[in-house]
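Letter by letter, the chains look like this.
Number of protein chains: 2
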Amino acid sequence: MSQLLSLRDRKRAETWAALHLSASGTALDKGLECVTVDAVAADAGVSPRTFFNYFASKEDAVLGLQEPFVGESMLADFDVDGDLLASVSHLMHAVTRTIHGSADEDGNRCREVICRYPQLMHRRFQYIVKVEQLVTDAVAERLAQSSRWATAPAGYNVEDVAKMLVLVAGASLRFAIQKTTSHPTRESQSEALDQGMELMRNILKELL
Amino acid sequence: MSQLLSLRDRKRAETWAALHLSASGTALDKGLECVTVDAVAADAGVSPRTFFNYFASKEDAVLGLQEPFVGESMLADFDVDGDLLASVSHLMHAVTRTIHGSADEDGNRCREVICRYPQLMHRRFQYIVKVEQLVTDAVAERLAQSSRWATAPAGYNVEDVAKMLVLVAGASLRFAIQKTTSHPTRESQSEALDQGMELMRNILKELL
DNA sequence: TGTATTTTTGCAGTGACTGCAATAATGGTT
DNA sequence: AACCATTATTGCAGTCACTGCAAAAATACA
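Which chain is which? The protein sequence lines are A and B, in order. Position one of the first sequence corresponds to residue 1 (our numbering), numbered consecutively onward. Position one of the second sequence corresponds to residue 1001 (our numbering), numbered consecutively onward.
Since the hints were derived computationally from the structure, they do not count as laboratory data. Model, not experiment: these values are computed from the prediction. Misleading hints may appear alongside valid ones.
As a list, the in silico SDA-like pairs of lysine to any residue whose alpha-carbon atoms are at most 25 Å apart [said to hold, decoys possible]:
hint: 1; chain 1: B; residue 1: LYS1205; chain 2: A; residue 2: ALA152
hint: 2; chain 1: A; residue 1: LYS130; chain 2: B; residue 2: LYS1130
hint: 3; chain 1: A; residue 1: LYS205; chain 2: B; residue 2: LYS1030
hint: 4; chain 1: A; residue 1: LYS205; chain 2: B; residue 2: ALA1144
hint: 5; chain 1: A; residue 1: LYS179; chain 2: B; residue 2: ASP1194
hint: 6; chain 1: B; residue 1: LYS1058; chain 2: A; residue 2: ALA152
hint: 7; chain 1: A; residue 1: LYS179; chain 2: B; residue 2: VAL1070
hint: 8; chain 1: B; residue 1: LYS1058; chain 2: A; residue 2: ARG123
hint: 9; chain 1: B; residue 1: LYS1179; chain 2: A; residue 2: ASP137
hint: 10; chain 1: A; residue 1: LYS179; chain 2: B; residue 2: ALA1144
hint: 11; chain 1: B; residue 1: LYS1205; chain 2: A; residue 2: LEU32
hint: 12; chain 1: B; residue 1: LYS1130; chain 2: A; residue 2: ASP137
hint: 13; chain 1: A; residue 1: LYS130; chain 2: B; residue 2: VAL1046
hint: 14; chain 1: A; residue 1: LYS205; chain 2: B; residue 2: LYS1058
hint: 15; chain 1: B; residue 1: LYS1205; chain 2: A; residue 2: ARG123
hint: 16; chain 1: B; residue 1: LYS1205; chain 2: A; residue 2: GLU141
hint: 17; chain 1: A; residue 1: LYS130; chain 2: A; residue 2: LYS205
hint: 18; chain 1: A; residue 1: LYS179; chain 2: B; residue 2: THR1151
hint: 19; chain 1: B; residue 1: LYS1030; chain 2: B; residue 2: VAL1046
hint: 20; chain 1: A; residue 1: LYS205; chain 2: B; residue 2: ALA1154
hint: 21; chain 1: B; residue 1: LYS1179; chain 2: A; residue 2: ALA144
With beta-carbon atoms standing in for the labels, derived distance ranges [to be verified]:
hint: 22; chain 1: B; residue 1: ARG1008; chain 2: A; residue 2: PHE78; range: 55 to 63 Å
hint: 23; chain 1: A; residue 1: VAL46; chain 2: B; residue 2: LEU1004; range: 31 to 39 Å
hint: 24; chain 1: A; residue 1: ALA103; chain 2: B; residue 2: SER1073; range: 23 to 31 Å
hint: 25; chain 1: A; residue 1: GLY71; chain 2: B; residue 2: ALA1103; range: 43 to 51 Å
hint: 26; chain 1: A; residue 1: ASP43; chain 2: B; residue 2: SER1057; range: 23 to 31 Å
hint: 27; chain 1: B; residue 1: GLY1101; chain 2: A; residue 2: GLU112; range: 52 to 60 Å
Think of the CB as a built atom: it goes at the ideal place given N, C-alpha and C, for glycine as much as any other residue.
Could you build all of it, start to finish, from the sequences and the hints given here?
Here it is, written out as structure tokens:
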């Protein structure tokens, strides 16, 4: 188990976690203004300069953000011919989770920090923009292979359709995020996501 | 004409424009890394400290960003019982324009800067989040007075419906923004907005 | 053990941004 | 014109995020 990672990788993971834990903990305990790179680095037992080997900014450390990626497993139950909106929103949800390198227990802590310091949401949105780009590419690839969607409406291409799908599906994701961060309840975010999708359908059915 | 504004207000407007023009001009001519607060302030003939009386950050100066607001005139042709999605997206578009204090001719310059330095888009998104909040409140108020929308679907309230409407309408706005900034054509953004809305309708009709 | 690679670290520097208090400019009043 | 209240500008001193660079330490590998 501990041999799956080399000593180097294990230490890296430990330092990453120590920095993130110190940053988010200090933010909750003493306030975000007390979170300085120097203090966090000292708390984690590394030099301030090393901090930037792990995080591009102190906000990233507080939220434990990492570069998002589209994993193979996430695309497994992506069905172009099924409920496309649901597929896309679930894919976005899955990829969005990859920007949080921390464990699930840490999720509530982060949500609490974001709730107290909404400025941090902005930084998270930056990452979500990256998620949108990644998912758009992945969706476009799937659409291009589908007989139904390979040809887009006149004046548009497959990338446009993918982009629009991601933006619309992203609406329900953002709805779910705003709901769960302003009301830090126990209910899971994927529940909120499905509820948001349902509300969206209800409204749109009336409007189209 | 020049008496409509007091001397103080006129000078303020001039200094604002000088700072913004210097910042965006330097970004285009010499690159964004050459845009420093000191240089911009000197170029505009004010002290560096004064710069921060006008802009909260140097990015704001480059893009000429101002606090968004919902004007009376924007709500004039908002029709709750008509094409609600179109109404909301047009309202969002109108409010989004208020974050750009500069004149229309300056729009292309800013789009060019954003195109060359996509990091700036993030700062703009921060303002768009504010736009979303403002428009959500305005829309919720209108919905509450409407007989059709005053009662939301079970489990949701009017604010939820307004939020979702804004997010969905925002999707077509973001689509239009991405289109026009990656392809800085002459066609107006409101055209792109309507086209995006049309694409969204086409796609959603197939999916609902 | 020796060597190549990666990581950490210190250092010195740039530049954004802030609070504060003095000074100057402006608006309105007598 | 003279006077005062309000508001804007400025300099100063300081904090802190973030960077490039090169030396030193840790790790991997043969």
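Taking the hints in turn, this is what the structure says about them:
1. B:LYS1205 - A:ALA152: 14 Å, holds
2. A:LYS130 - B:LYS1130: Distance ~20 Å between A:LYS130 and B:LYS1130 Cα, so the pair holds.
3. A:LYS205 - B:LYS1030: Measuring from Cα to Cα gives roughly 51 Å; hence the hint is violated.
4. A:LYS205 - B:ALA1144: 20 Å, holds
5. A:LYS179 - B:ASP1194: Outside the cut-off at roughly 29 Å; violated.
6. B:LYS1058 - A:ALA152: At roughly 41 Å apart (the allowed maximum being 25 Å), A:ALA152 and B:LYS1058 break the hint.
7. A:LYS179 - B:VAL1070: 24 Å, holds
8. B:LYS1058 - A:ARG123: 17 Å, holds
9. B:LYS1179 - A:ASP137: Distance of about 16 Å is within 25 Å: holds.
10. A:LYS179 - B:ALA1144: 20 Å, holds
11. B:LYS1205 - A:LEU32: 46 Å, violated
12. B:LYS1130 - A:ASP137: At roughly 28 Å apart (the allowed maximum being 25 Å), A:ASP137 and B:LYS1130 break the hint.
13. A:LYS130 - B:VAL1046: Outside the cut-off at roughly 38 Å; violated.
14. A:LYS205 - B:LYS1058: 44 Å, violated
15. B:LYS1205 - A:ARG123: Violated: B:LYS1205 and A:ARG123 sit about 34 Å apart, past 25 Å.
16. B:LYS1205 - A:GLU141: 22 Å, holds
17. A:LYS130 - A:LYS205: Not OK: A:LYS130 and A:LYS205 at ~30 Å, beyond 25 Å, violated.
18. A:LYS179 - B:THR1151: The given pair, whose Cα atoms are some 19 Å apart, holds under the 25 Å limit.
19. B:LYS1030 - B:VAL1046: 21 Å, holds
20. A:LYS205 - B:ALA1154: 16 Å, holds
21. B:LYS1179 - A:ALA144: 20 Å, holds
22. B:ARG1008 - A:PHE78: 55 to 63 Å: Between B:ARG1008 and A:PHE78, where Cβ atoms are some 60 Å apart, the hint holds.
23. A:VAL46 - B:LEU1004: 31 to 39 Å: 59 Å, violated
24. A:ALA103 - B:SER1073: 23 to 31 Å: 51 Å, violated
25. A:GLY71 - B:ALA1103: 43 to 51 Å: About 47 Å separates the Cβ atoms of A:GLY71 and B:ALA1103, which means 43 to 51 Å holds.
26. A:ASP43 - B:SER1057: 23 to 31 Å: 29 Å, holds
27. B:GLY1101 - A:GLU112: 52 to 60 Å: 36 Å, violated
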